[in-house]
Amino acid sequence: MRYGADYNPEQWPRDVWHDDMRLMREAGVNIVSLGIFSWALLEPRPGVWDFAWLDEVIDLLHENGIDVDLATATASPPPWLTRLHPEVLPQTIDGTVLSPGARQHWRPTSPVFRDYALRLTQALAERYGSHPALVAWHVSNELGCHNLYDFSDDAARAFRVWLQKRYGSLDALNDAWGTAFWSQHYGAWDEILPPRVAPTQRNPGQQLDFERFSSDAVRDHLRAEAAVLRAITPDVPLTTNFMVAQNVRDIDYATWTGDVDFVSNDHYLRPGELGRDDLSFWANLTGNLAEGRPWFLMEHATSAVNWREVNPPKRSGELVRDALTHVAHGADAVCYFQWRQSRAGGERYHSGMVPHAGADSRVFRDVVALGAQLRDLAPVTESRRERARVALVFDYESWWVSGRDSHPTDALQYDAELLAWYRALLDAGVRVDVLPVAASFDDYEVVLAPMLHVVPDTLRRRLEDVVRDGRHVVTTYFSGTVDEHDRVWLGGYPGALRDLLGVTVEEFVPLLAGEPVRLASGAVATTWTERIVRLAEGVEVLDSYADGDLAGAPAVTRRRVGDGSATYVSADIARAGARGVIETLAADVEALRGDALSAGGRVEVIV
Amino acid sequence: MRYGADYNPEQWPRDVWHDDMRLMREAGVNIVSLGIFSWALLEPRPGVWDFAWLDEVIDLLHENGIDVDLATATASPPPWLTRLHPEVLPQTIDGTVLSPGARQHWRPTSPVFRDYALRLTQALAERYGSHPALVAWHVSNELGCHNLYDFSDDAARAFRVWLQKRYGSLDALNDAWGTAFWSQHYGAWDEILPPRVAPTQRNPGQQLDFERFSSDAVRDHLRAEAAVLRAITPDVPLTTNFMVAQNVRDIDYATWTGDVDFVSNDHYLRPGELGRDDLSFWANLTGNLAEGRPWFLMEHATSAVNWREVNPPKRSGELVRDALTHVAHGADAVCYFQWRQSRAGGERYHSGMVPHAGADSRVFRDVVALGAQLRDLAPVTESRRERARVALVFDYESWWVSGRDSHPTDALQYDAELLAWYRALLDAGVRVDVLPVAASFDDYEVVLAPMLHVVPDTLRRRLEDVVRDGRHVVTTYFSGTVDEHDRVWLGGYPGALRDLLGVTVEEFVPLLAGEPVRLASGAVATTWTERIVRLAEGVEVLDSYADGDLAGAPAVTRRRVGDGSATYVSADIARAGARGVIETLAADVEALRGDALSAGGRVEVIV
Amino acid sequence: MRYGADYNPEQWPRDVWHDDMRLMREAGVNIVSLGIFSWALLEPRPGVWDFAWLDEVIDLLHENGIDVDLATATASPPPWLTRLHPEVLPQTIDGTVLSPGARQHWRPTSPVFRDYALRLTQALAERYGSHPALVAWHVSNELGCHNLYDFSDDAARAFRVWLQKRYGSLDALNDAWGTAFWSQHYGAWDEILPPRVAPTQRNPGQQLDFERFSSDAVRDHLRAEAAVLRAITPDVPLTTNFMVAQNVRDIDYATWTGDVDFVSNDHYLRPGELGRDDLSFWANLTGNLAEGRPWFLMEHATSAVNWREVNPPKRSGELVRDALTHVAHGADAVCYFQWRQSRAGGERYHSGMVPHAGADSRVFRDVVALGAQLRDLAPVTESRRERARVALVFDYESWWVSGRDSHPTDALQYDAELLAWYRALLDAGVRVDVLPVAASFDDYEVVLAPMLHVVPDTLRRRLEDVVRDGRHVVTTYFSGTVDEHDRVWLGGYPGALRDLLGVTVEEFVPLLAGEPVRLASGAVATTWTERIVRLAEGVEVLDSYADGDLAGAPAVTRRRVGDGSATYVSADIARAGARGVIETLAADVEALRGDALSAGGRVEVIV
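Protein chains in written order, with our numbering: chain A, 1 to 607; chain B, 608 to 1214; chain C, 1215 to 1821.
Any given hint could be a false lead.
What the hints assert, rightly or not - One side of the interface only, derived from the structure: several residues of chain A facing chain C at Cβ under 7 Å: (1) Gly47; (2) Ser99; (3) Asn147; (4) Asn306; (5) Arg348.
If you are wondering where the hints come from, they were derived from the structure by calculation, not from laboratory data. Predicted model only: the values in this text are computed from it and were never measured. C-beta: ideal position from N, C-alpha, C; glycine also.
Generate coordinates for the entire structure from the input sequences, incorporating the hints supplied.
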């Protein structure tokens, strides 16, 4: 089991380094990520390298038995670079040029930046590729965290290339984006721009493709650095730290897994009562993005972070609880940002393994205790997760599109809907895999896909296959509505899933704030209901609306097909309502019955 | 009675067109607006025209007995135009250039855009001017909806020309704007700029004139297209769709009536309990902007729109109710945006006559039923509205100026104040004309002018004439305060109306949030009260403040002059309070007594 | 005692000027500030002067026995200047260029603007320097009110010069700013930029120095004008109007006192129940910025202002109460903005000595009555304030830094914390000096320094000296945390004050909204608590947490050192909680017992 942190020794005088080694050994640290923000010190002037200090640090770590996950150090370019090349600075949607002075102030599509970054990557690979302390490469850092959306002319050029590859012809693009409306028909590729700020709602297809392109553009940077590393050190595994978390919506990590040798993730606890379940949800997804193989928890926090409105510290016990929850979901490494809490800079109030108060502190004592626990857990490393019988389908694109402007309501929250169903499953003691939508549904008895908004034809068929096989699909409101271009499936909602569910909805009925609607079961919808106007033959009504304009109309339905079934929940009935549906279905879907170990949902069961 | 919709066949394959004809006939559709967003298809490259598809559509419509209101198609320029001429893109107050990718991304004052737009207008007029299906021209579309305020250098140049025409001399302008304050004295016309973002509050006179100029600038575009059309097809009536509605504050449509052959309007229902009365209010105003002549309801929605925070669909019956309310206020046409709900594009969740669910739907069945009802209403077409005895004065400039920054409170809402009094009149069963301020008051027994903030000398005299004639004026807080340059009338508020009302107010007393004030009558003020310090001889106190700093002071007063009277309401007493005042006055103002037909306000009586 | 106002006769026709003289005499006005916004009229074209009208006004004032505080008139440049030199316009953090059309649209660091401003200053000094009415120079106006933060290239150049002077070497700067983090190491001075908008949190050291620089940059403008004036009129005292007030956080006036011959201040009442104590607080601080010497209340309002969300007028009696509260805190002048309420322009709804209603008004009668009262107070002029025994330490830099982003919570409000303790002292009837942190603590028995966040080593020693001398220090949460570069003091909080207080805090525990925590005393914390993990020997616990995660832990502590003591309050216990602490300490700190005159806090005692 790996245990460690980001280690930024350049922030501290040399005498602290020796203290660090002693404390790392005390804590059982056996790996650190190094050099993440060191570019300005490694290349103090263009093409002039200074590796002496890093040589010293790596040797010191190696002497102390600590391995190194070495960063390519490209995350934050030095001041000289942006002074020489202001044309690498990103531009926001309204044309504002972002300034240096923070981090990640570079356009993912800038050829100039790319060139400097790859030279640095090469220099590091050549110098440290055979160092005995090196166990992995850490490509850049949190790619796309702050520079994902760049609307510059570089981005425009790259976007056009991406579109040409995707569509082949302008005819196909015009059709996909529905440019016949609002006189947006393109007659030449170079007429196409990023969806910059416009007088009113921008084209939805253009927005969606720009989101896909932006996610791909930072992945391209990963690929470019990876190619350099693989050419020089083919045997050193490489990774980059994903941010699979509620606060990072816009990177489709499901398409990144193939580009790393092992999956790494950064996750920070959300404050408040949902924090623990939220952590479990994203750790679960990370494990499934890693395809069941062990993964690397690259960053989390020993206590408070510094970037939310209110940043409470962790309570006693939470440090261990959070780390082990990640381990339970397949992490073979428990690492923190960062080893020693900074004295200065933008993250000085972000906790570390060694806090401002020093080693004589509760935090450091907890860190030492966790190190001991992780040593005891060594036997579980390298184990693969056992697949659950229930899949909770997670789709980045449905997250993006369901939250678009110009929708029936601005109140939809894909992530909250998913978490509500996840918590309901935990409450019921049901083990579940949070599954990227592209993963196979074949081995799941129940495929639960709340708010699966974007349903291309292939996905429709995959869901129909589940039911045809005698297994079960459960989905909720606003699902199936659009195709892969955010074009509405015609003939009534839920569009692509209408036949599968045996339900026709004529109109969405979003709710005004403060006007909730009750269902017969007692469940309560607060933002969304739907007017189901037709049920296919034999479709059962599991619950119906009890008040409001839809009183008496079906709210939750189930269509049985042989041994299989397809259930539709047309309203946002939240965690409690979801649990009711699960319990109803559990009557004849054994996989939805709680595990005996789960103690009525008070314990999360992970196998 | 005209019945129809915007028809955008270019969004659909040809086989749908034939289905459209069949369904239009079934619904009784007899007119469509065509070509509104077709520029990119009609002129695929600069100066290259493609009319074939439009020829086919128009012929098809004609064969099916459906007339055409043909758009000049200039609403949204094609991508090639802004690539060739990025200098036509509007600029926001802070200099941001708006991008193509939505619609209406053009500067109203751009000579380059104007040139392209008029060439298109001419081409359409020449090709279709004598087509038998053509019954009207639809100039551009919702002029100024998104591009009203452009702060570009084109706008600066045009603003200076407008100002030279308005003021003749810089001395007059300096005096009107009060430039002696804050060192703003202009010594040359080219020193004048649009009121772009500045370090603090911008000059109020400059703001007001820029608002007037901006409203006039889009009207100038209307005039330019109209001149082309009238030269080629002098016998074809032309219109453009106004947006007389609560969400469009900044276009003074009262100055546009003379530029169209008949008034058209777009109106979208506000959600919640005030929706119906709000619709009635704006329809009533539209009828009076049309000077009592029939007008054209060019756009409304069969059900939900897509651009509010929450967009509930219409309830059963509301489709008919809303359409007939417009008819009751003088509309001889009931048209929708749009015929067939879009599959893609920014408005895909905006309802249509044929919804996503298709023709087998409640919405389409309601559409068909409405078509039948409208056929039965044919006898009422061409009728003129009978004037009411009570006028509710509506003044766009008072709306603009009363909501300005640097005021006694930011909480003033002109439109809400007007609607409160309108609803109070409905509650009391009193018929009323919502009357543009420039229209004659001669035939009204009661002129009710809430928050009539901007009162030039001529308007003061017109109101004094009403009372002198033995008729009645009722006005409310913050009225009469400023002249046509937003300069305060001195000597005490309500300024220009002080003598008429016999009231002198020394200070406005806006209320902090959560600190309402009661009047003796039980009425409640929540944002505004005034300290009346003097009453002219004989002025009666109808109501007084019951608590707060003004306890015991007059709140509502009435000055009688012969048979006439002038009533002042110094606080925002809302719908209920307004009804109380109306009932008090009704004791000797017969016109304020409810109509016997009104059933205690439960029915709106329109004659 | 001086009594008067800003006088802007250029806003009015000549006949009003004579009326003004009559009313000024009636009110007892004996001084006016003149010419503040007159540049455009004094220099109608570049280098062309028109002094005739100002000659006439000054002579008229002189004839009427009214002295003149003559402005240098540089506050707002004329339109011709920014048309000729758009490069003087300030730029916001995102690069937006601010437009003329309001006031103060100039970069403090623009050499071009400086040149024009000094020429005007010189012209005025030469023309009016020996006029018998002239009693003082009024340098510019509210320097930095709207243009303090300019992010232009001029600012960048001046910032670098300022940094070179402050740090001498880049090594020192890199160390101070902690640029080792996030790859921000500077290799050349010209790489340094203002902290413009960046992809994420900007460097805290850079932000703090830019704030200091910006405050100094406008002071440099003051110095430049002052140098011109002093060269020409060495015997005429000069001042500039400070804005020592809750709404002006970012100018460190404690560093300005030496640049003026007497301190002047502008203060506007906050609405609501804390208005009066807030006024007292800032007047108290102004008196101490003036080092106990009389100062000049240059602007306040007779009634409402125009720039808050809601601007209630003053209640009867408040005009006198507010003016005399300033006098009680050392003001020897009571002046208003402005003499006659404007008819037009951005401040037309800002009250004046002569309101819109004219002289026959409550406001003007109150103005006349106050004039009489001030004449009776003539004997108290020139008196110096008697020092209090308790100092409430005020530190602009702690205000700036404690409110920074990336902190444990965004909810901290330095000014509210200071005011809470001030009000608690008033409640307890304890006289206090609100003391700039750089002033001597020597003569105070109690030094109360809430949220003294920035504690350089020298300040630490000064506080330790207080206790060592047998006197008392009281401080509160988040104090002592950082040094002068916003770098955290290591070893546990409260950092620099840990030894003095005998307290070690391991973690800050900010509270989520709506989750308050009670203390044993009944005091309630709503946004902040701390986990105190160690107390030095003999430290007493005065109060402890009663619920929440910290239940049972110390909340308020006191360390005695001989006769002295150091008290720490680790939570935001607000006015009521603060009073409890004061009363507890009063048991053996006599200076904290209420003055007999104070009537239990219902009267503020000022000596």
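Which hints from the list above does the structure break, by number from lowest to highest? Per hint list: single violation, 1.
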